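We have chain A already, so just place chain B on it with the hints.
Line by line, the protein sequences give chains A and B.
The numbers in the first sequence follow my numbering, run straight up by one, and end at 319.
The numbers in the second sequence follow my numbering, run straight up by one, and end at 319.
Keep in mind that the hints are not guaranteed to be accurate.
The list that follows gives simulated cross-link-like pairs (lysine to any residue, SDA-like), each with its CA atoms no further than 20 Å apart [unchecked claim]:
1. B:Lys221 <-> B:Ile120
2. B:Lys221 <-> B:Glu242
3. A:Lys168 <-> A:Glu259
4. B:Lys221 <-> B:Glu144
5. A:Lys168 <-> B:Arg241
6. A:Lys221 <-> A:Ala299
7. B:Lys168 <-> A:Glu144
8. A:Lys168 <-> B:Glu144
9. B:Lys221 <-> B:Tyr123
10. A:Lys221 <-> A:Met9
11. B:Lys168 <-> B:Ala299
12. A:Lys168 <-> B:Asp170
13. B:Lys168 <-> B:Ser219
14. B:Lys168 <-> A:Met9
15. A:Lys168 <-> A:Arg241
16. B:Lys221 <-> B:Asp170
17. B:Lys221 <-> B:Arg241
18. B:Lys168 <-> A:Pro309
Hints in this document: simulated from the structure, not taken from any laboratory.
In this text, all values refer to a predicted model and were calculated from it rather than measured experimentally.
Chain by chain, the residues:
Number of protein chains: 2
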Amino acid sequence: MHLGTIRTTAGGTRAAVRENEHAASWTLLDAADVGELIADPGWRERAEAALAAAAGAGSGSGSGTGIDAATVDTETVDAATALLAAPVLRPAKLVCCGLNYHDHIVETGRDIPEYPTLFAKFADTITDPLADIEIEGSAKVDWEAELAVVVGSRIRRGSKADAEAAILGYTVANDVSCRDWQARTLQWFQGKAWDRTTPIGPAIVTADAISPKDGLAIRGEIDGETMQESNTRELVFDAADLVAYVSQFTELGPGDIVLTGTPGGVGLGLRPQRWLRDGETLTTTIEGIGALSNTMRLTPPAGAPEGEERS
Amino acid sequence: MHLGTIRTTAGGTRAAVRENEHAASWTLLDAADVGELIADPGWRERAEAALAAAAGAGSGSGSGTGIDAATVDTETVDAATALLAAPVLRPAKLVCCGLNYHDHIVETGRDIPEYPTLFAKFADTITDPLADIEIEGSAKVDWEAELAVVVGSRIRRGSKADAEAAILGYTVANDVSCRDWQARTLQWFQGKAWDRTTPIGPAIVTADAISPKDGLAIRGEIDGETMQESNTRELVFDAADLVAYVSQFTELGPGDIVLTGTPGGVGLGLRPQRWLRDGETLTTTIEGIGALSNTMRLTPPAGAPEGEERS
Chain A
9 MHLGTIRTTA GGTRAAVREN EHAASWTLLD AADVGELIAD PGWRERAEAA
59 LAAAAGAGSG SGSGTGIDAA TVDTETVDAA TALLAAPVLR PAKLVCCGLN
109 YHDHIVETGR DIPEYPTLFA KFADTITDPL ADIEIEGSAK VDWEAELAVV
159 VGSRIRRGSK ADAEAAILGY TVANDVSCRD WQARTLQWFQ GKAWDRTTPI
209 GPAIVTADAI SPKDGLAIRG EIDGETMQES NTRELVFDAA DLVAYVSQFT
259 ELGPGDIVLT GTPGGVGLGL RPQRWLRDGE TLTTTIEGIG ALSNTMRLTP
309 PAGAPEGEER S
Chain B
9 MHLGTIRTTA GGTRAAVREN EHAASWTLLD AADVGELIAD PGWRERAEAA
59 LAAAAGAGSG SGSGTGIDAA TVDTETVDAA TALLAAPVLR PAKLVCCGLN
109 YHDHIVETGR DIPEYPTLFA KFADTITDPL ADIEIEGSAK VDWEAELAVV
159 VGSRIRRGSK ADAEAAILGY TVANDVSCRD WQARTLQWFQ GKAWDRTTPI
209 GPAIVTADAI SPKDGLAIRG EIDGETMQES NTRELVFDAA DLVAYVSQFT
259 ELGPGDIVLT GTPGGVGLGL RPQRWLRDGE TLTTTIEGIG ALSNTMRLTP
309 PAGAPEGEER S
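With the rest of the complex left out, here is chain A:
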């Protein structure tokens, strides 16, 4: 099952569900986004009933007129033209993991860490899967393709099995980072917490339909050139490890998101280093989930060099 949040022509948003990536349409649900949807413990029955009713009503778009229309949502939107927002618009918690790809850690000569490196961001950092990313004041904007884990139920001091059960599903994120600000102090926050710079989406694939630990290709591209290419089976701490670990000190709940870290190939690690340039499009893809595509609208500080640095 795919869960998404769709921007409506009226300017609002609606949660929506579709069977899988081959479905021709999304069925709209009675919630403003996936975060609001899954706050209702009965959301899965509602979503399944809506899918069944929409299938009964045919796959055309427009308001459904099929059976059970009085009690079940059957309004559909063509998947080819649906404009998707970030699936969860305002997570209470957005926890990020640093160095976490086995291949990347080995290639940089580091030891495999005993504990995950974690930091926090606020909900305002989130932006839509196809949104332009505007940054004014950084000359070193970098990319970080990441698997995002979406929590579906409350977990506090949970085991790994508890965490597996609490995970709603997975989506794609790019933890776009302002390296000049990030390097100013030991704490990464000020390079990571820029408003509307972390695209998330396009939709959440539920955990019963996909398994990142068994291996999903992850790729980051700039204007079609592959910069990052790895596989989620290389994660040192997998999704359930991270959810269980974080839950030892802070309860996670429906809609909370954990970003799992990025593989090698970021601009900071290239020689020469390389930064995103104004007008370039960043594409972030995970096999079986989908892609983000974000064009950069960058205004570096006065006097800053262009997006490449010979170091």
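What follows is chain B alone, placed relative to chain A:
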């Protein structure tokens, strides 16, 4: 003016206002907490009208019966017995600054930093001014007395003057930290983000009534023994510096909180190092604002040494 959030006998919370620390009672306002109150741009007129009406109705406790009772809040609560909650219960953003006390930086031989060291915490870390603090799973629980800045209006890419204007007021916080978890990785988050471990309060003193940069004594005590003692004039980055700096990358709004860092005298810096013990009471006081008093309920991991370490 003091703004507080009072726990009612019915189990809820109410925003409240009093003239100053000598006022015998708090006047309750029609909002669940100070965060909800100040989201209304007309909050100051409401608070002043309530104070005036309560003064007209006399200073006794109980439901007010004075003039304008139909349109102005005059329900009061005795200040001596009022049970205060954290003034803002769910800030959207809680940004913390690291090393920021001039005297402490000099005494540790470090250079005065060019940029503030910042990290983020979630609203769930907040607890009441008099709440017990329960921590299960850390053997190195430390204290950090801090001045907290509460933002009153939206600020985005603001100047220092903009920041001065956007600050609602000041309160007291203790950024209680689990040093064993904090030291596991380079990022401090996992030592700082434990649920209900950051007491904030007792009330917000508005910026027209107090000026931390002119110097307020700040003190941290354990069971009456002074561990930290400094003055807010020693802040390298003062309240307006921090609000202006953070606003360069993320918009701050009503109810957002910035913790300004702690002076010397934390357990991590003592020789031998010294950690909080189960049953000890941590008292955090800032001149002209008030005090927090929190008793520790600690369950260290199995096999961990008692609260002192000979290193």
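Results for each hint:
no.: 1; hint: B:Lys221 <-> B:Ile120; result: holds, 17 Å
no.: 2; hint: B:Lys221 <-> B:Glu242; result: holds, 8 Å
no.: 3; hint: A:Lys168 <-> A:Glu259; result: holds, 14 Å
no.: 4; hint: B:Lys221 <-> B:Glu144; result: violated, 37 Å
no.: 5; hint: A:Lys168 <-> B:Arg241; result: violated, 47 Å
no.: 6; hint: A:Lys221 <-> A:Ala299; result: holds, 19 Å
no.: 7; hint: B:Lys168 <-> A:Glu144; result: holds, 18 Å
no.: 8; hint: A:Lys168 <-> B:Glu144; result: holds, 18 Å
no.: 9; hint: B:Lys221 <-> B:Tyr123; result: holds, 18 Å
no.: 10; hint: A:Lys221 <-> A:Met9; result: holds, 18 Å
no.: 11; hint: B:Lys168 <-> B:Ala299; result: violated, 28 Å
no.: 12; hint: A:Lys168 <-> B:Asp170; result: violated, 47 Å
no.: 13; hint: B:Lys168 <-> B:Ser219; result: holds, 15 Å
no.: 14; hint: B:Lys168 <-> A:Met9; result: violated, 49 Å
no.: 15; hint: A:Lys168 <-> A:Arg241; result: holds, 17 Å
no.: 16; hint: B:Lys221 <-> B:Asp170; result: holds, 16 Å
no.: 17; hint: B:Lys221 <-> B:Arg241; result: holds, 5 Å
no.: 18; hint: B:Lys168 <-> A:Pro309; result: holds, 19 Å
Hint violations for this structure: numbers 4, 5, 11, 12 and 14, all remaining hints satisfied.
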